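Going down the list, the protein sequences come from chains D and E. So that you can map any letter, position 372 of the first sequence is 372 in UniProt numbering, and since no number is skipped, the others follow by simple counting. So that you can map any letter, position 216 of the second sequence is 216 in UniProt numbering, and since no number is skipped, the others follow by simple counting.
Bear in mind the hints are in silico, worked out from the structure with no lab data behind them. Fair warning: there could be bad hints in the mix.
The list treats identical chains as interchangeable, and a pair is accepted whether it falls inside one copy or across any two copies.
What the hints assert, rightly or not - DSS-like cross-link-like pairs, simulated, lysine-lysine; straight-line CA separation at most 30 Å:
no., residue 1, residue 2
1, Lys214, Lys289
2, Lys49, Lys435
3, Lys289, Lys212
4, Lys150, Lys214
5, Lys435, Lys418
6, Lys423, Lys435
7, Lys150, Lys131
8, Lys150, Lys206
9, Lys150, Lys289
10, Lys289, Lys206
Fair warning: this is a prediction, and the values are worked out from it, not measured in the lab.
Protein chains: 2
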Amino acid sequence: MSLQTIINDSERLLLGEQISDVYKKDAYVTDVVDVQAVALVKTTDEVRKLVNYAIEQDLKIIARGAGTGVAGAQVPIHGNELIIDVSQMKQIIELDEATMTLTVEPGVLLSEIQEYVESRGYFYPPDPGSKHSTIGGNVATNAGGMRAVKYGTTRDYVRAMEVVMPTGETVELGSLNIKSSSGYDLKNLLIGSEGTLGIITQIKLKVLPLPKYKQSVLLAFDSVTSATDGVLTILSNGIEPTALELFERGTIAYSEKFTKELLPLQLGDAYVLMTLDDNEMQSITRRVKVVEQLVQNKAIAALTLNKEQEKSAWKLRDYILVALMEFTEFEMLDEVVPINRFAEMISYTKELQRKHGIRVINFGHAGDGNIHTVLMKEDLEQEIWTAKREALLADLYEKVANLGGLPSAEHGIGIIKKSYLEKMINPVELNLMRKVKNAIDPDDRLNPGKLI
Amino acid sequence: MSLQTIINDSERLLLGEQISDVYKKDAYVTDVVDVQAVALVKTTDEVRKLVNYAIEQDLKIIARGAGTGVAGAQVPIHGNELIIDVSQMKQIIELDEATMTLTVEPGVLLSEIQEYVESRGYFYPPDPGSKHSTIGGNVATNAGGMRAVKYGTTRDYVRAMEVVMPTGETVELGSLNIKSSSGYDLKNLLIGSEGTLGIITQIKLKVLPLPKYKQSVLLAFDSVTSATDGVLTILSNGIEPTALELFERGTIAYSEKFTKELLPLQLGDAYVLMTLDDNEMQSITRRVKVVEQLVQNKAIAALTLNKEQEKSAWKLRDYILVALMEFTEFEMLDEVVPINRFAEMISYTKELQRKHGIRVINFGHAGDGNIHTVLMKEDLEQEIWTAKREALLADLYEKVANLGGLPSAEHGIGIIKKSYLEKMINPVELNLMRKVKNAIDPDDRLNPGKLI
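Given the sequences, and given the hints that come with them, work out the whole structure.
Take a look at the structure:
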């Protein structure tokens, strides 16, 4: 069977010069190599046939969604890769209100899912920054985002998924059952496996009733250390914040410059933007009061935001990356440490700034220990930037490991964090991962060279 | 190295006639075969040495906690098994309040964990019926229990665990990091694997702040169908019940006879015992009112229980099994179906009662679709009971499969549900499980013949 027989629509089968460079790079990986073909699939059956074709022709396969990944996981590195682009598998199939399950194809965008369910009174909690990422990519990286502190990550919202395995077999992993003690948890094994174990072709997501009310509070602190101290106090007192975003003054300043809006509080070196949600406003009001008391001796100021201030504060938070792009080339990390080591980690990045001469700023999800450290190129020459950055990263990931952290909280390992992961995790664990990969994909057909 | 060198304490090494039959059977599996030895380990190092000894001597290994399992997972079936009993690894090692993590050895009892954390203002939500089960066993079966509808199962509370692998290597899977996109999720693979992939020697559990208030409500319905209809309405309206236990009048009647107490409502054929918890009483009160409105046309009566009634109602629920034991031999199942098929499943068990001539009663966790169907021997002769029961189970599990359900929600597959699991899940999935088992334990050393 030829590729043309499988994808009987020339607009959905890209060959040779039809293949744009978009398929060969991502934000941080640009060493372009050629690919065999790009197939814009529309059905599971097409995916299955393509996998069988790849087996026959001994091609490697990369599954790909919107291409918003930033770890190089969707980038070809061998030259004999067949790219299966699922972005046209974008049907929202069904919202089953009885089991509160939304069935979607993998190419549906996160923003489409959020709008679809919210307009029907439901809520899909995972909220990664990139709203134009696909749900398939979210599952492949176990994407996290703003609301993980209360609601968990993508993993916690996948009830089941249809997967085409490297053998060409199709299988549904997971089920609509809420509890299971019926065999190995293969669903969670596939979630976060970055396309190296199977190709996701349909996903059944858990949705929740949409909370009726929400309220944001902005807290200003004189230092990151005081801010994380405040965060730990909030978490251990049953406040159940939906979001607990921390950013330095020096970080939000870029957003302020770019958007020409000002954060409603302008004092201190670190801020925590907290949101509470609930089905009753009284509960939120009470919890806001408790928070005010809890941080009384830790924060400089606490401001309960009105709707306009709330919109502005979140806009400033959301625009951090877009704003940075206006000012410099940069590399954003997504390291994670246990929540009580958050301040120590951020403070260490400042040491690294001094040691290596690269400007470093931070923001992140303080409620779950996930820091986005940003290394900024600014005026550095390319070679110096590359060398300094590598030296800084070696130090940084060593510290992450020493604090019991991990290289990636939500973006994935791909190729750019692979060497760090190898150094940071126990060789026994790494070897177990390789045994599992080899058992499921013995020909190393799916996304070879990525993750492990 | 001899066993005596590894376990240098004769009271902790049982051989030959010292090995009580307790080690050779469980509630439902009694075909006793001999075992090589029972080692009551105290340290990870002893476990590691025993695994190496088993490799040397080509013995099989069964890890075991309190022995409360009811699926035959801890029962020897070959005769060359070495039993590693972890019940003396019972230290509560540390409660780290900064990360809200409790570190325990696998032999600590669930009741000890609950008491320990609650007396310190924390909460460990998983609440399986058997409070004298060990946490190691809870993890090995992904135990569920009463509060899964709001809080999830054991899986959701394991941050990390130390495991001795079948190679004799020790590894920590998971971490204190709340988010991770750093490699395959081996922790979740091990959870629920019933001792077939590794031996758990230490567990780091997530704990929550203890909710300040709780309130139970008893709802009476004229049928199981109305009751599950009520349950679905409650779930889809954001009430967030902590527990939603359903039982038939015919089931609770045994508890009433045994305890000589009466359920506070005595009308209708089915009951739902609901608990709400929260940090403020107002929220509970409001939600109780909403529930009353929601079930107005579905329930016969709704009673907000005072403390005494609450205690009595939960006692009656908890005593169902103990009470049954007084009246008859029985087999309790733990099938699970999607929550909207709960009524259909229970109603089918009544058809089976008529068809096969075995009395069947039901109770279960209506909020998560987990039914405990109980088949009662009563006056049936042993052979007839065995034959009828097998015929009934074949029908019952076929129906479970047709409804998209699974054979075990929380007890595990062990040996008694193995043949049903094999029939019920997709052969591709079963084959994947076998590939994973073979990759991690190629000599089939850990708990062979169980689960898959």
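Broken hints, by number: Violated: none.
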